[in-house]
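Participant: Use the sequences and the hints to build the structure in full.
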Amino acid sequence: MPHMLSIIIPLYNEQDNIEPLYAKLDHILPTLGQPYEIILVNDGSSDDTRERIDVLAKRDERVRVVHLRRNFGQTPAMMAGIDMARGHILIPMDGDLQNDPADIPRLLAKLDEGFDVVSGWRKDRKDNPIKRNLPSKIANWLISFISGVHLHDYGCSLKAYRRDIIKGVKLYGEMHRFIPIHAAWQGARVTEVGVTHHPRIHGESKYGMERTIKVILDLMTVKFLDKYAQKPMYLFGGFGLASIACSAFFFFFMLFCKFFLNKSFIETPLPLGVVMFMLIGIMAIFMGLIAEILMRTYHESQDKPTYLVDCTRNCKE
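Heads up, the sequence shown is in my numbering, so the first residue is 1 and it goes up one at a time.
Read the hints as simulated data drawn from the structure, not as lab findings. Do not rely on the hints blindly, as some may be mistaken.
Computed beta-carbon distance windows for the label pairs [as the list claims (entries may be wrong)]:
1. R163 <-> I138: 31 to 37 angstroms
2. F259 <-> F286: 40 to 46 angstroms
3. M84 <-> I290: 34 to 40 angstroms
4. T221 <-> H27: 37 to 43 angstroms
Simulated crosslink set (SDA-like; lysine to any residue; CA at most 25 angstroms straight-line) [what the hints assert, rightly or not]:
5. K223 <-> E292
6. K258 <-> S243
7. K214 <-> A229
8. K170 <-> S45
9. K126 <-> A139
10. K263 <-> V275
11. K231 <-> G187
12. K123 <-> I213
13. K231 <-> A184
14. K223 <-> A184
15. K170 <-> F145
16. K223 <-> S243
For each residue, glycine too, the CB sits at the ideal point set by N, CA and C.
Facilitator: Below, the structure is given as structure tokens:
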């Protein structure tokens, strides 16, 4: 039986792009021979986006519409679409006509090869080379280096996921671009395929240079959750012990200066360093203990396992 597709499109003030995008989807999707739905998420648009997608929903029952109360941002809007999706394969994409629906068959072909996540790679990107492309390349290199999951274009919204890979994933901030990282860390097979990128014709871009900073901060969060979510004491406690070690070093160096170099304690900042690093170390260790309690409360109160099972054999009760 063919897998159902869910096309998820967050929209914010894209009134002029809705009809052309729907026309392209309506041209491509029926040729795939698979049932599909188009989920349009109105992220608090202030133009006529709401009215136009409602008209589409009345015209085509395969178009499902979600209106958010206000503008929450791309990631929450995408999360809303994922929560509403009924398909076995989820394909998010932008609503500004820069992603090309004609690339969807290429993503599906890669999934058929056995991959769980297929990420679009805008090889010939039609954006401002300084304001958009350069920061994006830096961010992509940094994300690949820190995460260990090497993709050329994390920022491309056009991706394809098997539903079971992202089931239970909760997205915050700008973390929709990090879904391939979450999936890879859970054992999913991740790849990328070149896709077409068109210049924006209608409307204005909602991205700016500040987005790179947000992405870097979110990346730090993702890395922390991967490495230390289960044992936060390893991070906080390690930092605390290092601070205490610095305090001890300053203390003994202070004694050395006193008895061998005849320098009074008040002649150097070493006593202040001893006290400061000792306090920082103790506070970090206590923060680690609090984080450990919160982690246990999170798992035990909701009966969340600390592991993920791929499959079992003969384990039915």
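Participant: So, for every hint listed, does it hold in this structure?
Facilitator: Going down the list of hints, with the structure as the test:
1. Against the hinted window of 31 to 37 angstroms, the Cβ-Cβ separation of R163 and I138 comes to about 32 angstroms, which satisfies the hint.
2. Look at F259 against F286: about 34 angstroms separates their beta carbons, and that is not inside 40 to 46 angstroms.
3. Roughly 36 angstroms separates the CB atoms of M84 and I290, a value that falls within the hinted 34 to 40 angstroms.
4. About 40 angstroms separates the C-beta atoms of T221 and H27, a value consistent with the hinted range of 37 to 43 angstroms.
5. Restraint check for K223 and E292: the C-alpha separation of about 17 angstroms stays at or below 25 angstroms, so the hint holds.
6. This hinted pair checks out: K258 and S243 have alpha carbons roughly 22 angstroms apart, not beyond 25 angstroms.
7. Proximity of K214 to A229 is assessed by CA-CA distance (about 21 angstroms); at most 25 angstroms being required, the pair is judged to hold.
8. Between K170 and S45 the CA atoms are separated by roughly 23 angstroms; this keeps the pair inside 25 angstroms, and the hint holds.
9. With a C-alpha separation of about 18 angstroms, the suggested pair K126 and A139 falls inside the 25 angstroms cut-off, and the hint holds.
10. Taking the CA atoms of K263 and V275, the gap is about 19 angstroms. The hint holds against a cut of 25 angstroms.
11. A C-alpha spacing of about 20 angstroms is found between K231 and G187, which places the hinted pair at or below 25 angstroms, so the restraint holds.
12. With a CA separation close to 23 angstroms, the supplied pair K123 and I213 stays within the 25 angstroms bound.
13. Of the pairs offered as hints, the one joining K231 and A184 holds, with about 20 angstroms between alpha carbons and a cut-off of 25 angstroms not exceeded.
14. A hinted pair counts as satisfied when its Cα atoms are at most 25 angstroms apart, and K223 with A184 qualifies at roughly 13 angstroms.
15. Proximity of K170 to F145 is assessed by CA-CA distance (about 23 angstroms); at most 25 angstroms being required, the pair is judged to hold.
16. At most 25 angstroms may separate the alpha-carbon atoms for a hinted pair to count; K223 and S243 meet this at roughly 22 angstroms.
Violated hint for the displayed structure: number 2, the only one.
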